[in-house]
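Asker: Chains as they are written, first to last, in the numbering used here: chain A, 1 to 385; chain B, 1 to 385; chain C, 1 to 385; chain D, 1 to 385.
Among these hints, one or two may not hold up.
Derived Cβ-Cβ restraints for the label pairs, each shown as a range [stated by the list, open to error]:
(1) A:176 to B:346: 34 to 44 Å
(2) C:179 to B:159: 14 to 24 Å
(3) B:292 to A:384: 50 to 60 Å
Since the hints were derived computationally from the structure, they do not count as laboratory data.
Just so you know, even glycine gets a beta-carbon here, dropped at the ideal spot from N, CA and C.
Number of protein chains: 4
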Amino acid sequence: MRRKLRMGMVGGGRDAFIGAVHRIAAFMDGEIEMVCGALSSNIEKARQSGEDLHLSPERIYGSYEEMVTREKELPADQRMDFVSIVTPNHLHFGPAKMAMENGFHVVLDKPATFTLEEAKTLKKVIEDTGALFCLTHTYTGYPMVKEARQVIASGKLGNIRKIYVEYPQGWLTNFREGSNYKQAAWRTDPKRSGISGCMGDIGTHAFNMAEYVSGHSVIAMCADMNIVVPGRLLDDDGSVLLKFNNGVSGFLFATQVAAGEENNIKIRVYGDKAGLEWKQEDANSLLLKWLEEPTQILRAGNPYLSSYSRAGTRTPAGHPEGYLEAFANIYRNFAYTLGAKLEGKRPEPEWTDFPGIEEGIRGMAFIENVVRSAASEMKWQPFEV
Amino acid sequence: MRRKLRMGMVGGGRDAFIGAVHRIAAFMDGEIEMVCGALSSNIEKARQSGEDLHLSPERIYGSYEEMVTREKELPADQRMDFVSIVTPNHLHFGPAKMAMENGFHVVLDKPATFTLEEAKTLKKVIEDTGALFCLTHTYTGYPMVKEARQVIASGKLGNIRKIYVEYPQGWLTNFREGSNYKQAAWRTDPKRSGISGCMGDIGTHAFNMAEYVSGHSVIAMCADMNIVVPGRLLDDDGSVLLKFNNGVSGFLFATQVAAGEENNIKIRVYGDKAGLEWKQEDANSLLLKWLEEPTQILRAGNPYLSSYSRAGTRTPAGHPEGYLEAFANIYRNFAYTLGAKLEGKRPEPEWTDFPGIEEGIRGMAFIENVVRSAASEMKWQPFEV
Amino acid sequence: MRRKLRMGMVGGGRDAFIGAVHRIAAFMDGEIEMVCGALSSNIEKARQSGEDLHLSPERIYGSYEEMVTREKELPADQRMDFVSIVTPNHLHFGPAKMAMENGFHVVLDKPATFTLEEAKTLKKVIEDTGALFCLTHTYTGYPMVKEARQVIASGKLGNIRKIYVEYPQGWLTNFREGSNYKQAAWRTDPKRSGISGCMGDIGTHAFNMAEYVSGHSVIAMCADMNIVVPGRLLDDDGSVLLKFNNGVSGFLFATQVAAGEENNIKIRVYGDKAGLEWKQEDANSLLLKWLEEPTQILRAGNPYLSSYSRAGTRTPAGHPEGYLEAFANIYRNFAYTLGAKLEGKRPEPEWTDFPGIEEGIRGMAFIENVVRSAASEMKWQPFEV
Amino acid sequence: MRRKLRMGMVGGGRDAFIGAVHRIAAFMDGEIEMVCGALSSNIEKARQSGEDLHLSPERIYGSYEEMVTREKELPADQRMDFVSIVTPNHLHFGPAKMAMENGFHVVLDKPATFTLEEAKTLKKVIEDTGALFCLTHTYTGYPMVKEARQVIASGKLGNIRKIYVEYPQGWLTNFREGSNYKQAAWRTDPKRSGISGCMGDIGTHAFNMAEYVSGHSVIAMCADMNIVVPGRLLDDDGSVLLKFNNGVSGFLFATQVAAGEENNIKIRVYGDKAGLEWKQEDANSLLLKWLEEPTQILRAGNPYLSSYSRAGTRTPAGHPEGYLEAFANIYRNFAYTLGAKLEGKRPEPEWTDFPGIEEGIRGMAFIENVVRSAASEMKWQPFEV
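Okay, chain A solo, but in the shape it has when bound:
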């Protein structure tokens, strides 16, 4: 009997947002079961949350340290295979490091860590332990984002020239930190989020999208960051001029004060033969804009797509898949790759298409660079990692 992979979770108790998303993503394809959790630092809440999730009482732990230690003591055919870490940013590094050093693989919510330095250390831990590591930059899990990357890699757009990426949200239009709103509270708190709010939370997604889709790397930037809402402690808005390698230029904007916007991350890339456009609000479509021919609408689930895109859908064309399936694609690819690793097999190339520590390091570098650039009076700052 082939077995499911066994997952433990750090964070993600009652009321958490992203923990629930991770679980749906993990469960959807029937390849992963949740066997234990350190779901909250509040022991009573941890217990209730574990019960909600049908965990055995003895595998509901009070801390990640306890979880890692106790799971390690279990027989190999019972203990968890990997840890999914869904805590606020300041609590990423500790459990990730400890888990890997004790033989567990790791799925980690983004941004990778609290500081760039931590991310670099994690890379070393990964190299030393041989653990499989996955960073959940959700948006590159969409099948049509994968297709966008393949289209560009194939040269169909010609030489790339312009990259525009944007991520408007409106949920921080008002000051909500004072209210009983957990998401607003920690994401705007420098002690838990780090040196950036908006840029760290969603700017990193936009940055990752730009580099993943285009295959180009940012080499310099010029940032304008703002605290728009009085009293807020971290940026809630920013716009950044970008230079990429090969003479490509572009920009990135991310804001959380665009009233009425939901979550519409969007990317446009233009080459000398064609352009492409993808946005989350129409996630199952990818526009290919040809210079002298009609624009094409590529649609998820069709046979004419690349294997990377086709591997990312569960239903035929015309059955819309969304954010949760994009997230599940990351878990499924991680699970398939881990399964192959555990069986000593070579994973299919499509399975390895999930973000890892390199994306984590570049994301943390983005945060540090964008904050430095915003503080500078000079226009261009080289991108340093």
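Following the hints, put chains B, C and D in place on chain A, whose structure we already have.
Answerer: Just chains B, C and D now, with coordinates in the frame of chain A:
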């Protein structure tokens, strides 16, 4: 420890389309585990399919009869709670009846049965056994379809006047029955599908959508049905003029030969104060078209929606959910309702918002009425159940 | 000096809707000047309206009879070349016939006449007088509608199978006839509109669109017509199942009680290789939906379009043109063809792409057939002209 | 008899793009007639072009100097009222100045002049002569752009915070200057266009849009300008971070090398209560995005719009109007205002809603500032006029 509900599955082996969808829908929310299956009449395929799904070898059965019989013999804390039946139409009635008569609850793919008569018999079995029964008309599981129903029920559109529903697909544009294409083969085969192809397969979805959203019932129809592709044995196309109660009129069209269309079921309803529009290609939006005010775009996941709609999303506004989540809403509502039933509690009203045997009987009646109307030279045929 | 063509107008005084549209359409391209008018049966209103339009007082006439008689007496280099008739339906036949019999060409608003019989008589007058005659079915003036026709004529869709056309409006949702609303008053009045309201007013546009784009002819129909708003004297809603030649089927619906809808005429045609879709709300785009390749968005003004479409735009791609330009295309084509005729030259084929008396006769036949079908208890009625 | 206003034109001979657009815009509403022209510096081309336009041979002039001189000698009831100047940028100042100094009013294509200095001089000429002056920034002529301005002015969005404006085109993706392509030739030629290509041509439109709609003024900028296509002499691409008064920030991008893009200028503005979005590709709609209520789609031609917007449509809602009508709105407002001026009356406020010399000066200042900023190593440059 709260437990997950235990599911067995009839049909849905390797290569099946809808079985895999049922499983994703069942697993997504972590409330249901699959414990057994009679996945194929081919015993070797059944075995392999069960292995794919991580089933214990002893609970991979060769037939539904065997499954029902053997599961019934298991201890109460191990045996399955309900059966999910995902076979072609001619194999719905048998397992559903036997399962309920042996104390199991049932989730059944649509259309309910092979004939209207069978559906009526099932209703009697349900009444006699007290089993909980669910019919998976996926599209009414979308949160914005639920919102559409609530908007109309609340009177916001005023008195309803017109109902237009359409369901264009293109996948049967060519004759594919002769090829090794399992979906095309059984859905166009009168021995397995019944007296109608297109109208039974997707016309029933459109019909269910029209009655669910509008709260009105069809009372007469005038149908034009066609076999467009030469050699095909069942209709692949149809258009139907409709009369509903309260003087409402409308139409329904469903076709599987609209080349280039994917799966874009769409409904429009107009009252004397406003109209509404929903289509699967933009499933997270519902348009409210006011007579003298700007059209509004209601979006899934927002606090301004009804409780029925809000109960159908897993993420905040702006995180698109799709077909699989709509399907999962049916499973989740079924699971919550069944859980309440098993604990002797009263389910929340939102949980009971899933299709049952009444929808099944009306769907089968639709098929029989539409076939009779299409064969008639007279214009209007009363809708008979 | 090349001269502009000289236009006289019958109807279209202050407060009229369609007269103003005709004038904008005629003036836009600088090829037509308005020299006279019989703008209202109310002499004072006629005078004021003429003044608004910068007409010379002596060429503001009290009736079309006076206008035709007096203009005929003017020197050839001063008198009008053609009459534009923009009165309600019951006042189409008289001025059109008299104008042509006195040597003037005619542009006539649709539907052609009050009865089918009148339209047939007009055809005879045209043949006898050699007058150039144009019927303003606006929507076939759109460049992307012309492209749709050319795409189908070229065989790109393969064998045509399905034609769906719809025309929803909401402006007659309430009873407005009693109010001081001129448009509502005459269009719902059998004495001025004829035997049909909605079907005569907009159903004829949808019918013309279906036949123009597809190149197919309706041969049978099954109609459901309704007076939805109590007290109204003519139909405000209708749905029609259609049979075309070559085994093509389809439907048409037109309604004026779809609350919140503006004027979104839409057509979809499917062949065995591809489908197409055009709607007025996105008038500069034409979707080509391929069976196994990505959908294409053809956009007005691009070099890849047919000469018929390119002749219908005034600006490069990306400068949206709309309803008035579509209308102007009819006037411009009429003017170019008339100019060629007056100079004894052969017009370019693209110029002759405007509706004439054949479309007028089929439109009137549509009205008579749809009314007869709606009154029948039998399903199919052959289309009789 | 009320008379039409008499227009002369400088530039706009055969093959010119924008001259033909000006004429359609001027003619559409029947308030303006063209009586003379200096259509080309090539005398034979000027003659042929004048003939195309039905001008009297004696009023086809060889130069603007001749036109102004000769027209001035004509009787007051024959000579032109105003000059429309549609030449390349380096030929704006001369004819505008001379026309006004000789008693003629002026409509001028954008950008106002070749240099900021010239624009300031023109302002003085306007003040000294009392001439009516109009600058054709087309895009603010759209009714839904006018509505956007009114919505913001009314305070519905609350305090403005972010302004994003973009203008992507793709027509200069390749080097086309060497070909026989007149538009590409002059717009990329520093001798005729001035110190900027893309920013002068379309960046100025985007800048004008941002200030017109938001009611805010740019006070500082940080620009990245590029010559993307090798061999080109002027910028074909640029992105600009912006600071506006009242602490508002935003950005503007304009590019002519976005392959596959047509002409989709778009603006988004966000306040603390709501945001709005308008784009030319859906020009008849304006999105109002509320913080906690459903997004509204405001549509042109509806009674719920402001008087400024309603004055900009010619047809009821649902009859799409486009670029040419937006352009015609500028001409019509100019003509109504000029008509009132000539009759000594006060124009309606809606009529005076067209761009003038202030917009011209700010546009030229934008060009000079953006070029200066792009050349600087410092981030922020104050906006100087």
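Asker: Is the distance from the Cβ of residue 179 of chain C to the Cβ of residue 159 of chain B consistent with 14 to 24 Å?
Answerer: 21 Å, holds
Asker: Could one say that the CB atoms of residue 292 of chain B and residue 384 of chain A fall in the range 50 to 60 Å?
Answerer: Given about 58 Å between the Cβ atoms, the range holds.
Asker: Does the Cβ-Cβ separation between residue 176 of chain A and residue 346 of chain B fall within 34 to 44 Å?
Answerer: Holds, at about 35 Å.
Of the numbered hints given earlier, the model fails none.
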